[in-house]
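K.L.:
Use the sequences and the hints to build the structure in full.
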Amino acid sequence: MGDLSWLKNIWAWMWPWARQNPEADQQELSPSEQFSRDVAAASALLDFLIKEGLQPIRDEVIEDIEAARDVAANGVPSKEDRSRLQKAVRDLALVPRITVVTARVPPVTFWSVDSPWPGLLIWISIIPTVLGLIAALFGVAHWHLPVAYLFVSVLVITGLYVFSGTVTNNKLNQIIRFCYFLTGIALLGSVLPFALPDPFPGQDRAWKAPIGILQGCVEPSNEEAAKDYPREVLCKHGGSQWVANLGGRAEKNGLINGGLVVPLYVVVLALFGGAISMTRRVPEYQRRAMDSHDVLTNAEARESLVFQIMQVFTAPLIAVTTYYIILPDTPLKSVVLGFGSGFASEPILLMIRALVDKLRPATSAPPPTATSGAVTVTMIPPSATVPPGTSTQFAANVLGTPNTQLLWSLDPPDASAGTISQNGFYVAPASPPTKGVTVTARAAADATKFATASVKIEPIVTVSPPFDTLGPGKDRQFDAAVLGLSGPGVDWSIDPAEGQISASGLYTAPNTIGAAKTVSIVARSKVDATRFGTAKITLKP
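Oh and the sequence shown: position 338 is 337 in numbering that gives the first Met the number 0, straight run, nothing missing.
Hints are computed from structural coordinates only; laboratory data are not their basis. Just so it is clear, the structure is predicted and the values come from calculations on it, not from any experiment. Quick reminder that beta carbons are idealized off the backbone N, C-alpha and C, glycines included. Hints may be right or wrong, so weigh each one.
[Said to hold, decoys possible] Keeping only pairs whose Cα atoms sit at most 25 Å apart, straight-line, the calculated SDA-like set for lysine to any residue is:
hint: 1; residue 1: K50; residue 2: S31
hint: 2; residue 1: K226; residue 2: L331
hint: 3; residue 1: K434; residue 2: P381
hint: 4; residue 1: K235; residue 2: P209
hint: 5; residue 1: K455; residue 2: N422
[Said to hold, decoys possible] Taking CB as the label site, the calculated pair distances span:
hint: 6; residue 1: F312; residue 2: P30; range: 50 to 58 Å
hint: 7; residue 1: R81; residue 2: S492; range: 23 to 31 Å
hint: 8; residue 1: Q214; residue 2: G188; range: 15 to 23 Å
hint: 9; residue 1: S303; residue 2: V335; range: 25 to 33 Å
hint: 10; residue 1: I184; residue 2: L130; range: 23 to 31 Å
hint: 11; residue 1: L331; residue 2: Q421; range: 45 to 53 Å
hint: 12; residue 1: V526; residue 2: D410; range: 24 to 32 Å
P.N.:
Written out as structure tokens, the structure is:
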């Protein structure tokens, strides 16, 4: 029998209630099994943060998790191993989250076993479509209805997935792709009515429906009622044409009385203009979200892209409203009105929102406090030690103002201090400067408010691999990397003196090991004996 895990995944997707309860299983785990599960969770979080590229993760955190993986795979975790793993997880949790701190991190992807989205896709889209196609084979329904249902339902479910949850960099890319796809659909949908010979069959349904698209014109009950309609939709002026009927009573001969009647090309041009406006905006938000020097966050980019989708769907409604406000008397004015309403739907919606905000009743202001209106800035971390040529991430919180933008700078302001971006990403110089470096985060809302962090640029010696386990007589080659010192040479030593190590870093364990013990491999710089790096070896009988 081959690997049938994919069958279990499909069953978990189709029937989420069959999934195991991890909280119930957790009570039955042994300490080693619980440690392995914690290591797997920490590894998943580490991989997620590295792929997202939120900020550089300290090498010590990566080494601690790698060491925990080795312990989980080859040995029994000690108290020190569990403590080291918990500290590493704590350091990972301090990495700034993307947007929503209450969401699961790392987030659940669409096709993961723990995701509810495949189940929704199966039960809401695929199964009803299959049943509809079976009904079409027996002549009970038309085949295009289940196909259209599948397309729309998949689009809706995909949209709900990409626009919900934590806005990771990967999720933002999915949102942008979805917007491009939706823009193409809107452009294609606005062209099809002019390209197909009979795009809206079934006139009987259109005559009976309160909202429909049909061939007809308005025949008002009297001359006074005719003044409420544009000239081109009246039968005595424009004649019969393709129109969108909203609430009017239509007859089989195409005469419409009451409601809103708009030429179809006005609605289509509004949709086309809205799609054109969206194609202009989506690349702009994509560029701003991917630019580290821009203040647009992933969450703000999502909000803006949702607004762009809404302006496309509301463009026809704005065109209908504007059409009956202006009552154009020529097709040329109707064309300009339709396309202009679609292209300008974004500023129109913004004007409506601003008007609604002004009409809101005023709310009582909270009672003033001792710190009300005071702008404060705090730096995270307040100090750091960085090896030459490496990088670290600083963050700062701004309180007391809605403008949380920061201006980052270094002292000294020349290249000897390194570089820092406007999102707090600091890169140390290749060699230690003659004086200390100060990182300053200044509030854009109040230039007199700032916070600082002191940075030490110190040489460092690192040994790899940092951890290992050896048996009697086994050997392992260790390598040393020296940063910030004039010479790369190191002197190797062992503490305690168990086994032997050569001048090149080749360690050989003793032939006889009475009990498990830990040995430190020390690489000390030949240029500066105060600089050294260590690696740990667990010797087992």
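K.L.:
If a hint holds in the structure, say so; if it doesn't, say that too.
P.N.:
Now for the hints, and whether the structure bears them out:
Restraint check: the Cα-Cα separation between K50 and S31 comes to about 28 Å, which exceeds 25 Å; the hinted pair is violated. Only pairs whose Cα atoms come within 25 Å are accepted, and K226 paired with L331 is accepted, the gap being roughly 20 Å. The straight-line distance between the Cα atoms of K434 and P381 is roughly 18 Å, inside the 25 Å bound, and the hint therefore holds. Of the pairs offered as hints, the one joining K235 and P209 holds, with about 23 Å between alpha carbons and a cut-off of 25 Å not exceeded.
Only pairs whose Cα atoms come within 25 Å are accepted, and K455 paired with N422 is accepted, the gap being roughly 20 Å. The hinted range of 50 to 58 Å is satisfied by F312 and P30, whose Cβ atoms lie roughly 55 Å apart. Checking the proposed 23 to 31 Å range against R81 and S492 shows it holds: the Cβ atoms sit about 29 Å from each other. Judged by the Cβ atoms, the range 15 to 23 Å given for Q214 and G188 holds: they are separated by roughly 20 Å.
Judged by the Cβ atoms, the range 25 to 33 Å given for S303 and V335 holds: they are separated by roughly 27 Å. Range check, I184 to L130: Cβ separation about 25 Å, and the 23 to 31 Å hint holds. Remark: the range hint 45 to 53 Å for L331 to Q421 is upheld by a beta-carbon distance near 49 Å. Distance hint check: the CB atoms of V526 and D410 are about 28 Å apart, consistent with the given range 24 to 32 Å.
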